[in-house]
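Chemist: Read off the chains here:
There are 4 protein chains.
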Amino acid sequence: MRKLRMGMVGGGLDSFMGDVHRKASALDGMIELVCGAFNSTLEKTKATGKAFFLPENRCYGSFQEMILKEKELPEGERMDFVTIVTPNFLHFQPAKMALENGFHVVCDKPVTLTVNEAQILEKLVNDTSLLFALTHNYTGNAMVKQAKQMVENGELGTIRKIQVQYLQGWMAAEVDKEAKIKPWRADPKKSGVGGSLADIGTHAENLVSYITGLQITEIAADLGRIGKDRVLDNDGNILLRMENGAKGTMSISQMAVGEENALGIKIYGSKGSIEWNQEEATKLTAKWIDKPEQTFTPDGNDIYKNVREISRIPKGHPEGYLEAFANIYKAFGTHLMSVLENNPMEKPDYPSINDGVKGVEFIYAAVESDKQNAAWVKLK
Amino acid sequence: MRKLRMGMVGGGLDSFMGDVHRKASALDGMIELVCGAFNSTLEKTKATGKAFFLPENRCYGSFQEMILKEKELPEGERMDFVTIVTPNFLHFQPAKMALENGFHVVCDKPVTLTVNEAQILEKLVNDTSLLFALTHNYTGNAMVKQAKQMVENGELGTIRKIQVQYLQGWMAAEVDKEAKIKPWRADPKKSGVGGSLADIGTHAENLVSYITGLQITEIAADLGRIGKDRVLDNDGNILLRMENGAKGTMSISQMAVGEENALGIKIYGSKGSIEWNQEEATKLTAKWIDKPEQTFTPDGNDIYKNVREISRIPKGHPEGYLEAFANIYKAFGTHLMSVLENNPMEKPDYPSINDGVKGVEFIYAAVESDKQNAAWVKLK
Amino acid sequence: MRKLRMGMVGGGLDSFMGDVHRKASALDGMIELVCGAFNSTLEKTKATGKAFFLPENRCYGSFQEMILKEKELPEGERMDFVTIVTPNFLHFQPAKMALENGFHVVCDKPVTLTVNEAQILEKLVNDTSLLFALTHNYTGNAMVKQAKQMVENGELGTIRKIQVQYLQGWMAAEVDKEAKIKPWRADPKKSGVGGSLADIGTHAENLVSYITGLQITEIAADLGRIGKDRVLDNDGNILLRMENGAKGTMSISQMAVGEENALGIKIYGSKGSIEWNQEEATKLTAKWIDKPEQTFTPDGNDIYKNVREISRIPKGHPEGYLEAFANIYKAFGTHLMSVLENNPMEKPDYPSINDGVKGVEFIYAAVESDKQNAAWVKLK
Amino acid sequence: MRKLRMGMVGGGLDSFMGDVHRKASALDGMIELVCGAFNSTLEKTKATGKAFFLPENRCYGSFQEMILKEKELPEGERMDFVTIVTPNFLHFQPAKMALENGFHVVCDKPVTLTVNEAQILEKLVNDTSLLFALTHNYTGNAMVKQAKQMVENGELGTIRKIQVQYLQGWMAAEVDKEAKIKPWRADPKKSGVGGSLADIGTHAENLVSYITGLQITEIAADLGRIGKDRVLDNDGNILLRMENGAKGTMSISQMAVGEENALGIKIYGSKGSIEWNQEEATKLTAKWIDKPEQTFTPDGNDIYKNVREISRIPKGHPEGYLEAFANIYKAFGTHLMSVLENNPMEKPDYPSINDGVKGVEFIYAAVESDKQNAAWVKLK
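Protein chains in written order, with the UniProt record's numbering: chain A, 1 to 380; chain B, 1 to 380; chain C, 1 to 380; chain D, 1 to 380.
Hints may be right or wrong, so weigh each one.
Given that identical chains are not distinguished, each listed pair holds provided it fits within a single copy or across any two copies.
What the hints assert, rightly or not - Computed cross-link-like contacts, SDA-like style, restricted to lysine to any residue with a CA-CA straight-line distance of at most 20 Å:
hint, residue 1, residue 2
1, Lys3, Arg58
2, Lys96, Thr114
3, Lys190, Gln93
4, Lys46, Asp28
5, Lys190, Val357
6, Lys50, Glu32
7, Lys271, Pro292
8, Lys190, Asp229
9, Lys380, Ser209
10, Lys305, Asp14
11, Lys371, Glu218
I should point out that these hints are in silico values taken from the structure, not numbers from a laboratory.
The whole structure should be built from the sequences, with the hints applied where relevant.
Modeler: See the structure below:
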């Protein structure tokens, strides 16, 4: 086999997310960046390409051009998949076009601006059998996977209660900076109906379902729009009801002064409970009805075999955000290699287009509930 | 002056809370237990009295007898105040009778079963000018007082968001034990309309208002009654709205397996935020919009003078639950001494009958909201 | 039975340790302060006595007067034991005289200035069968007792390695304050040959032996005397060798800027290890060769029965310094009550005069080693 | 410019360190692996090469062959530098030969088995002006660099006391595994005179000097060789004396059951102190004589500009072991690019051959001290 060839949409030199995707995809030496439509102008795109040692002729003026031209390249040369790291409103079109032209896709979240768009992509993925990965990167953490498997194997008993939070403070600290660098974030046309809901709320929603294996069936959302002229939510206080009757709270904010990236979850079952916090990603705490509290670590004792295998380094060495992100690429890449070798494996554990659909549904339900003074709104 | 003389209602040998009140009141050498109506029978009360070195004639068969007989004793001998440590349904009558007969009162929370009863006591306290302390003991912690004062002095800026939780797991672990030892807790006639709401929810509610200085104006509560035949709530997921527009979540449970006494609060303002967790009571974390995170300790740097003074021991020595509880008694006792010396000071910082009224209102509002599928219910 | 009657030597109004001993002895309602020779003048002693509601005639001008006069009082009235809370150089004489006159003794550490004095007291205690408790208060912590019992029961396997530290920073921060309030601490005549060694080093030494059940047989000490004109050590870096071949390090300081009362110990065995830190006294961490890390709490799962019993409050409520201190008084008091009732129990678990002898030996060995450029010096 | 071309000595498929170096060097997309002499046989080397998509003709049977053949390749194709990831005894020869043939070098630590060898390399580096980076990877952590700079800028005042530890337990847990996989580690001919001293002790020694900017001038070492037939040290208890008079302790072990990779350091100065623990690498705690404790984070408030710049991701996202490791490669790579572009920059901050010399000296001094019953031995 050979390295997988990646084309990138978005991710110019100033883009934080482009950099993350490039590093995460490079980490395991399995994927190489071969082309891109990084920026809004060809000139800027070429500058980005140069910084990453790309030849000029693989730097394209638009995603449309990239998809069409790469399609014409010989199989031994053309990109294998497109990775989409643009602002929210620029996910749908390139994803759709890539799928329609036979390219596999990796896409940032939220997958699209509307549920309808997400469903169109879902149908395309199902019809074409092309691979699609959504980068809900936090599910790539070893300790999140350990938590998921503990729940799945019944170690916690029946899940009864959930607390999830995703708190950031940067929007309070850097309102000006945001306005300058990411004006699209405050603009519903580019960001969608949700602000924090889209940016971080969907991560929280996805994490709850990923670990518990349960669907959120109903939410009641009291959103905040803190600051002058703020149109989109930047704060949320949400009640959750799960398909099995469990209840919970979700607290999100980008105005929580002093918080950095405080994604945290606590799940309470009839026999035990677990707690995980992204800022201390390599620890998983478990508390039990009849045993002392335990702390699990990625390469420590009593870790599920498949979880241990995703750690790249031996015990006691922190793995971080990029490693978790890289795990999405690694699972997707391993899957894609098996497909390219005509010996497709069962889909490994990485977020799917269906996770994307659910995320957008969640955003809409929260906005709707908030309009109705936090009345309950059902999720499908 | 002399030691203050305390009479106790409830608190027999098996009673956890009786023991706590005795130790907390003894800690500073300012209060002595002189009489009691500890148990339901005179025989048991005498056994309790003996264990605490009381003479037999100061062990009474009922609180009524205690109040009437003590009233007849000469001033140099009779009790100064009554402390009430009985189950919830037995707070109102002894508190009322004590006040009506000229005795000051310390009372456990929730103060009464109904709002009406609480208001009757409030009126009595106002009319008689007798002292009344409610043992919301967590407000006795030095770091809680530091937090309150930081908010009051504007260090956090405008309060925008609140997260409060009070999680215990003992009810899951010891359902049988509870049924045996504290059957009154599961019985609405004795416990009131709230279960966890009364037991721990009122502590959370009181802590929010104490630290922020803001009233909760509206709540939406989704309660859980986990377990067979459970009548009263033992789990709650609650949205909060504050008088200044701040929003928040409250999560309470006595079925949160593995949690011990996880009362915790996070308060976010426009300039900074604070976090306090009861299980690590001597730490207060503050995060800032423009400075690194700080950790405050009771006798550490930059502590408000009045906060430092309530610490009994120098830096780095943990103070715990009993010390915080004792701070309520110390503040009440200091106040009472000033009254007995006919030189009454301004009321020091201890929870009042009005805190009690608010607590019962909170319980009723939460139960009402839950009945209406978590619709918003206003607090007065 | 009745309350035990305590006479106090030292502990005037300004004395931190006097206050600690008074509160700790009062906590369980088992001991009452009946007399004292608190200060250097009768006038000051009377002021102290008044603050604690003592009659004037039980306030004595000297410890000699107190011991002789109390001895003449009828058995139903006179003190049962003397508690000594004076600076180091004033421990020996009152302890000796109390024992010689038939009074039991509680004494602060280090027990005396010299090994010879300590041995004289040890002989007196053995000859008279009077009770003697040394207030190595940290051994009163529930989690320290849990650790001791885990080692004793072989849970850790063979002990191989020890790390102990006791770090404070107050001497750096409050040099002036110290010079004013506690001039005796810097004066070898009053403090003894050791500075930090006596003040905190002996706590560390005692804790190592208490938990491991092993004697320290040899030490190599490199001491620091930081600051102008400093005569006594205020910093120490010490190698330890234990009777079973285990090795370790001890790091002590009163110039460790920013540290409050950082007494901490880590003990490594062939099967597991434990860590305890005084500032988070209610947690004990255990790590295992074949199991995930565990955290033990005083009233949590898998706690030894005798450890659980010393907790005064249910799970999740912090116990602190005063409670641990009170556990020494409670064990001593329980022992003394059994003696007074002529039905003496086996000595319960509280530090003895022999612990005192070992502590003074440790101080002298460290000072000797330091003089010899940190050569090994044997302990007996 | 183009990507830097790396040739690897050692690092076959089973090698943990080979994998680390490959991932760390790949992370920033600046370096590509172009050739290798990975294993002891050409066959195995080819298998390794295939897994990393190398052409067969760049897989060499020995490092000698690799260096000579690569030297003959045209400048546009041949490797730019050699990275050496073999066991300790196989560092010196390839490093020497690479330097003698004009290749820059990255080398794992300890740099050589003997001080003499290290000095030969140092002379070669100085004489040739070729670049040499030693992978003391922990100095690549952002918070370590922040600590260094805080000391350098005098924020802590005069350094007075040091505590450093590096504790692992894997050797106790996996004696058999070690014997099988890494037999060279227990063999002085292959590992050198130090066991834990070489493996982890040098990291601790390097970290102390890196952060404080002070040389260790004298050590007293009491080593342990725990287990049957153990020849090399696997435990160490060491006193430190620094060039400015500061004192300290070092505790190292690979038999500290339950510890994962507990490298931790505390540095006390006259104005403040800092603490850093590798397992929570993105936190730096600072305590102050006159301010509350602070916690610094890589992208948080009050971080030195150059420190902030080395973070690849925004605040609150953990960076880990690989990112720190990659920082060594990034600094070395940036330096090398400037050299290749004939515009050499000043040497950026990465560990040098002189750090390597000091590390080997430290190992020898510790072993010598231990032989003399922990007498003081001077470092040059």
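Chemist: Does each hint hold? Answer for all of them.
Modeler: Tested hints:
With identical chains, the CA atoms of Lys3 and Arg58 are at most 20 Å apart both within one copy (17 Å) and between copies (17 Å). Taking identical chains as interchangeable, the C-alpha atoms of Lys96 and Thr114 lie at most 20 Å apart only when both belong to the same chain, with a minimum of 14 Å there against 61 Å between chains. When the C-alpha separation of Lys190 and Gln93 is checked against a cutoff of 20 Å, the pair qualifies only within one copy, where the shortest distance is 13 Å, while the shortest distance between copies is 59 Å. Only between protomers do Lys46 and Asp28 lie at most 20 Å apart by alpha-carbon distance; the minimum there is 19 Å, versus 26 Å within a single protomer.
In this homomeric assembly, Lys190 and Val357 come within 20 Å of each other (Cα to Cα) only inside a single copy, at 18 Å, whereas the closest approach across copies is 49 Å. In this assembly of identical chains, the alpha carbons of Lys50 and Glu32 lie at most 20 Å apart whether taken from the same copy (15 Å) or from different copies (16 Å). Taking the shortest Cα distances, Lys271 and Pro292 sit within 20 Å of each other both inside one copy (12 Å) and across copies (18 Å). In this homomeric assembly, Lys190 and Asp229 come within 20 Å of each other (Cα to Cα) only inside a single copy, at 17 Å, whereas the closest approach across copies is 51 Å.
Only within a single protomer do Lys380 and Ser209 lie at most 20 Å apart by alpha-carbon distance; the minimum there is 14 Å, versus 38 Å between protomers. Proximity of Lys305 and Asp14 under a CA criterion of 20 Å is satisfied inter-copy only: 18 Å between copies versus 39 Å inside one chain copy. For the homomeric pair Lys371 and Glu218, the shortest alpha-carbon distances inside one copy (15 Å) and between copies (17 Å) are both at most 20 Å.
The structure meets every hint from the earlier list without exception.
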